[in-house]
Amino acid sequence: MAKSLSPEARSILNSRVSRRAVLAGAGAVAGAGALAACGSGGSSGAAADAVRWANWTLYLDVDASGKHYPTLEAFTKKTGIKASYFEDINDNDEFFGKVQGQLKLGKDIGYDVMTPTDWMAARFIRLGYTQKFDKASIPNSKNLIPTLQHPSFDPNRESSLPWQGIMAGLGWNTAVNPKGMKTLDDLWTPQNKGKIVVLSEMRDTIGVILMSQGIDVTKVTEAQFMNAVDFLAKKIADGWIRGVKGNEYKEDLISGDATAVIAWSGDLFQLSNENAGKFDFAIPESGGTISADNLLIPSTATAAGKKNAEALINYYYDPAVAAEVAAYVNYVTPVAGAQAEMEKINPKLAKSEYIFPTQATMSRLHIFRALTPTEETTWTEAFQKAAGN
Amino acid sequence: MKMSKSGISSPRTPYLLLLPGIGFLFTFFIWPIANLAQTSTQTPVAGGDTGSYEQTLRWRNYIDAFVENKEQFGRSFLYASLATILALAIAYPLAYAIAFKAGKLKNVLLVLVVAPFFTSFLLRTIAWKQILGEQGFVVPTLRSLHIIAPSTTLTSSAFAVVAGMTYNFLPFMTLPLYASIDRIDPRTLEASGDLYANGFTTFRKVTFPLSLPGVVAGTLLTFIPAAGDYVNAAILGSPETKMIGNVIDSRFFKIVDYPTAAALSFTLMAAILVLVTVYIRKAGTEELV
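These protein sequence lines are chains A and B, in that order. Residue 313 in numbering that gives the first Met the number 0 sits at position 314 of the first sequence, and the numbers go up by one each step. Residue 116 in numbering that gives the first Met the number 0 sits at position 117 of the second sequence, and the numbers go up by one each step.
The set of hints was computed from the structure by calculation and includes no laboratory data. Fair warning: there could be bad hints in the mix.
Said to hold, decoys possible - What follows is a list of derived Cβ distance ranges for each label pair:
| id | chain 1 | residue 1 | chain 2 | residue 2 | range |
| --- | --- | --- | --- | --- | --- |
| 1 | B | 126 | A | 352 | 35 to 41 angstroms |
| 2 | B | 67 | A | 178 | 52 to 58 angstroms |
| 3 | B | 55 | A | 73 | 51 to 57 angstroms |
| 4 | B | 151 | A | 154 | 17 to 23 angstroms |
| 5 | B | 117 | A | 220 | 51 to 57 angstroms |
| 6 | B | 117 | A | 225 | 18 to 24 angstroms |
| 7 | B | 141 | A | 148 | 54 to 60 angstroms |
| 8 | B | 273 | A | 225 | 33 to 39 angstroms |
| 9 | B | 21 | A | 106 | 48 to 54 angstroms |
| 10 | B | 239 | A | 362 | 33 to 39 angstroms |
Claimed, not checked - Facing chain B, according to a computed beta carbon distance under 7 angstroms, are these residues of chain A, among others:
| id | residue |
| --- | --- |
| 11 | 73 |
| 12 | 75 |
| 13 | 235 |
| 14 | 380 |
| 15 | 386 |
Think of the CB as a built atom: it goes at the ideal place given N, C-alpha and C, for glycine as much as any other residue.
Isolated chain A (complex conformation):
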């Protein structure tokens, strides 16, 4: 997510930032690529007893000092594997740009695990930049929740496992919209005119629009997609929508510049907690999107690095550990059994629809289908044009 830099820009400010990018929102626009370039990226592979993980910001439980990751340190204590954690992903495209050259040449990219979003994970897998898991080393993968078991880009989860799930739906200011929102049409009411923000993450915004038109996002055609983009462009031209943004929409909600949004669940959950119920979130009756960031092992990881990465993934698929992470990040946990563990840590969170959606909710969430490279270019182009770019 990001921002944004944007762009943003960004995301700009941009793009898949969500709550991970309170700071990265600015970075996205600034061209965080420059910063990322100074990141890790050693030239030789990992040491035999170490694992290097590239993840998004604010996406792992951290202590108050911001320096210690309790679950990660417990992993090292338990297995003896030294884990280095890099908050090096600001934006999917940007991260891809950073590592693709080395992956192409087969040179170590400095990570043994990386965590891109579904569609970008699909690209990595398609290009052969990942390694297949040795499932025997990840016995806990059996805990993966059923909804996420068969994505089109990796039908049998041979080389990817979700890190956290992200729902996209409707968010609103409860003072301005006291009746709440049930459908996408509830956005287009006079009190929200010019104060609506939608996500710059194409698959989420267009996905929600498509579902409101009764279209199955797992099978969407180009004509249907373009039709939804036209719908978005019309709403922008008519002055309903003030911005197509990454995580900056949170600031707009807080300041009152935005009153209704197409947004990510975890963000609204957090905002609502911080602002005494001033905001609320719902999945539209017609359905919302769910996507996930995926743990992948890059093709350049050494045999030892791969083994350690698998041990790490296995560790985080332990329900007790997953519950600890979820209590911090507030996103949909992909690990079955984490809810029971959450009861022990924080009974209130164990009832959260945002972390543990019920079966009824899950049935309304859908994964946007994988796109071919040509589609990826033309569809993104159409979406970006609608957003004024």
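Dock chain B against chain A, hints included.
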């Protein structure tokens, strides 16, 4: 007479001295520009993956890129011109006051002009979002004075983008103006008064012509980066106020369409070059060159 072979008279010395500069320019300017030029005429590999392009010398890329984005091109030059004019209107009196009226405070005021640079460009732009936002003082004040309608917002508008650009480039306008106004000999102003010119005539016939090199330098330093700017439009604008910089950013990083992005970059460069050349010719400031 024999020329000494030692020291600076060796014909090779100037070239050796130029070497680091040329090396730097080649590595960080000529080489990337050549690369960009090479990219701008590529087309996608049939059946290739995202981001794979091959050289086919398709010059039409330029026409397509321009035609598709002429709206954003027009907007970029319009916003940059507005910001330049506004910055000039604000900076001229400021530079004049610092040069002639500030007395002992001169250095303090100059430091204050430069002081915003101690904070990041991004933070300053984001601050404008708050100043013009619903919780800032501007919007509620204007609303209570009935200058704007209750439903009107100032953020996500062309107004906010131009305001942000004017603010961000103001020091680039102020400093060259100050440098050239400060050099004006006060005795020329006195002479003008002695010849019965009033204040306005003195300004029109003496002060302004003498400060022209500063005006030209300031407008160039403001207009050129403003035309290529995308941060202000990204943070303070809406989809309806996107500039060409935003398009280039999205072509490079989101759509992964390198040829179009490269063609747009070149077109922007060429357009700025042409405008600037015409401007310098018209302004006729040999002093600058």
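task: Could you check the structure against the hints above and give me the numbers of any it violates, in ascending order?
output: Of the numbered hints, 2, 4, 6, 9, 11 and 12 do not hold.
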